[in-house]
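Note that the protein sequences, when read in sequence, are chains L and W. Just so you know, the first sequence maps onto residues 17 to 262 in the working numbering. Just so you know, the second sequence maps onto residues 17 to 262 in the working numbering.
Take these hints with a grain of salt, some might be off.
Repeated chains share a single entry, so a pair holds when one copy, or any two copies, can fit it.
[Stated by the list, open to error] Within a straight-line C-alpha distance of at most 30 angstroms, the following computed DSSO-like cross-link-like pairs (lysine-lysine) qualify: (1) LYS249 / LYS183; (2) LYS217 / LYS183; (3) LYS183 / LYS168; (4) LYS93 / LYS79; (5) LYS217 / LYS79; (6) LYS226 / LYS93; (7) LYS168 / LYS153; (8) LYS249 / LYS168; (9) LYS217 / LYS65; (10) LYS166 / LYS23; (11) LYS81 / LYS154; (12) LYS217 / LYS250; (13) LYS226 / LYS81; (14) LYS168 / LYS250.
Hints are computed from structural coordinates only; laboratory data are not their basis.
There are 2 protein chains.
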Amino acid sequence: MTTCQRKIEVCFTPAIYNEFRNDEAIVIIVDILRATSAIITAFMHGAKKIIPVATLEEAKEYKDKGYIVAAERDGIKRDFADFGNSPFNFQQDFIRDKEIVYSTTNGTQCIMLAHDSYRVLIGGYLNIDALVNYITKKHRDVLILCAAWKNKFNLEDTLFAGALTEKLLHTGDYYTICDSAHASVDLWNMARPNIMQYIEKAAQRHRLRKNNLDDVIEYCHTMNLTDIIPSLKKNYLVKLSELDNK
Amino acid sequence: MTTCQRKIEVCFTPAIYNEFRNDEAIVIIVDILRATSAIITAFMHGAKKIIPVATLEEAKEYKDKGYIVAAERDGIKRDFADFGNSPFNFQQDFIRDKEIVYSTTNGTQCIMLAHDSYRVLIGGYLNIDALVNYITKKHRDVLILCAAWKNKFNLEDTLFAGALTEKLLHTGDYYTICDSAHASVDLWNMARPNIMQYIEKAAQRHRLRKNNLDDVIEYCHTMNLTDIIPSLKKNYLVKLSELDNK
C-alpha cells in the first residue's frame, strides 16, 4: 500500500543534472528528435540490445568488432556506419535480435549521467502510456531528464516532459513543486492542439529540415505505438521487461 | 543607419552561460524575486553605487570597512548587516549618495559571469521600457541571463525574459531562433492576464511566503517605475547614465 504522493521533477539540460540527482528515482531520458524515438523504434522492430555511444571513435571501434552501427554527424551518415540516426532506419527486419550501436551526442551523455538511478528509461511519445503505467506501479519519485541541444534548453523535449508530467499528475499519485515541470505542462497545453504547428518554432526542427531529415517529426510525436520501454543495464539498453519483472 | 536585425537569446541558468556567451552583446541580468528588483529600487532612492557580493564573509568585510550592508540568508537578516534583501529596505532616505553592499547568491554570480560583455545591465519590470529604449538605440545582440535558483530554472525570471523579448521583437529590430526565448514569450503571454495568480506556482513564491517576505511580490512585478538602469562598472554597479552617455 502506498500512502503518499511522489514528486516529479524536470531537468531541462544535462548541465544541471547534479542539482536534481536523486538515485532513488526513476529517470526518464528524453531526446524526442531523434535519439530516444529511434531507440524505442529499434526495440519495436526486434533489436536485442542497443549500445549508446557518445563519440564517433567509439562507434567505429564497435563497427570494427562487427556490430551494426548507426552514426551520423550534421545529417550525413558516416562512411563506416551501416546507416544514419533516423528512427526510420530501424524499421527493418535485419535488425531483429541484433546488438546495435547508436552514436548520439546529446542523448548518450544523458543516459550515462543517470546510471546510478533506480531505473534509467528511454521515453518518447511512442511509449508514453507504458511509461505512465510502469512509473505509477513503482510509486517512486520521477526525474524527467531532457537531452537538450548541446546543453541548451529545447522545446521538443520540454513539450514531452509536460505531456508526461500531466499524465502522472492526473493519476493523483504524483505532485510537483518544480518550476521546470510547471513550465513544461503549460507549454504542452499550449502546443497540444496543434503540435506540428507549434514545433515549427523549435530550432531542431529547422536543423532537420535543412538536412532533409524532417520526415520523422510527425512519427516522433505519435502517441503509444508500443508498450516497450528501453532501459539501461550496465552500459547498454535492453527491454525493461527483461530487467524488471516485478 | 542599421540594416539588419539583431538576435535575442535567453539563458535560463548561469550554469550554461558559456553556451550563450557573446561578448559583443548587451547582457540583461534578471533576478526578479528579489535581487535585481532591489538593486533598481536602491538607485531609484539615490544610491550612488552598489557592490554585489556572493558570500556573507565578503559582506561582513565590507561592513567592517564602514559600508552599508544588506545581507540575509533564509529570510533572516544577518546580525552584522544593516538590513535584509527586500526591495522595501532600499526605499529610505539614508541610502542617498551611499555605497551599498548587497549580498546575494544567485544574482551576484550572474552579474560577474557576464562582466566581459559590452554592457551588463540590471533588469526588472521596474525598468523594462528603459531597457527596451537603450537596447534598441544600441542595436546590438541581447542576452537575457536569468539568475535562476541555485542553477535551476525558475518561473519568475523566465516570465520577465518573455516580457522583454516580446517588447524587443515588437520593435521589428530583433529576431530570435532561441528555444528558450520562444518558451519565455509563450509563458509570459499565458501569465500576463493575471501575473499574481500565475506566480502562485513558482517555488520562490512559496519560499518567500514561508519567511513572511512575500509582501514585495506585487511591487517586483510593477512596470516602469523608473528609467534608471543599473550597469556594471568593474566590480560594482552604477547608473548607466554615468557610464554611457552615447
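These are the hints, each one checked on the structure:
{"no.": "1", "hint": "LYS249 / LYS183", "in the structure": "within (26 angstroms within a copy, 49 angstroms between copies)"}
{"no.": "2", "hint": "LYS217 / LYS183", "in the structure": "both (25 angstroms within a copy, 18 angstroms between copies)"}
{"no.": "3", "hint": "LYS183 / LYS168", "in the structure": "both (25 angstroms within a copy, 23 angstroms between copies)"}
{"no.": "4", "hint": "LYS93 / LYS79", "in the structure": "within (14 angstroms within a copy, 62 angstroms between copies)"}
{"no.": "5", "hint": "LYS217 / LYS79", "in the structure": "neither (36 angstroms within a copy, 50 angstroms between copies)"}
{"no.": "6", "hint": "LYS226 / LYS93", "in the structure": "within (15 angstroms within a copy, 55 angstroms between copies)"}
{"no.": "7", "hint": "LYS168 / LYS153", "in the structure": "between (32 angstroms within a copy, 29 angstroms between copies)"}
{"no.": "8", "hint": "LYS249 / LYS168", "in the structure": "both (27 angstroms within a copy, 29 angstroms between copies)"}
{"no.": "9", "hint": "LYS217 / LYS65", "in the structure": "neither (34 angstroms within a copy, 42 angstroms between copies)"}
{"no.": "10", "hint": "LYS166 / LYS23", "in the structure": "both (27 angstroms within a copy, 19 angstroms between copies)"}
{"no.": "11", "hint": "LYS81 / LYS154", "in the structure": "neither (38 angstroms within a copy, 57 angstroms between copies)"}
{"no.": "12", "hint": "LYS217 / LYS250", "in the structure": "neither (37 angstroms within a copy, 38 angstroms between copies)"}
{"no.": "13", "hint": "LYS226 / LYS81", "in the structure": "neither (33 angstroms within a copy, 59 angstroms between copies)"}
{"no.": "14", "hint": "LYS168 / LYS250", "in the structure": "both (27 angstroms within a copy, 29 angstroms between copies)"}
Against the hints set out earlier in the document, violations occur for numbers 5, 9, 11, 12 and 13.
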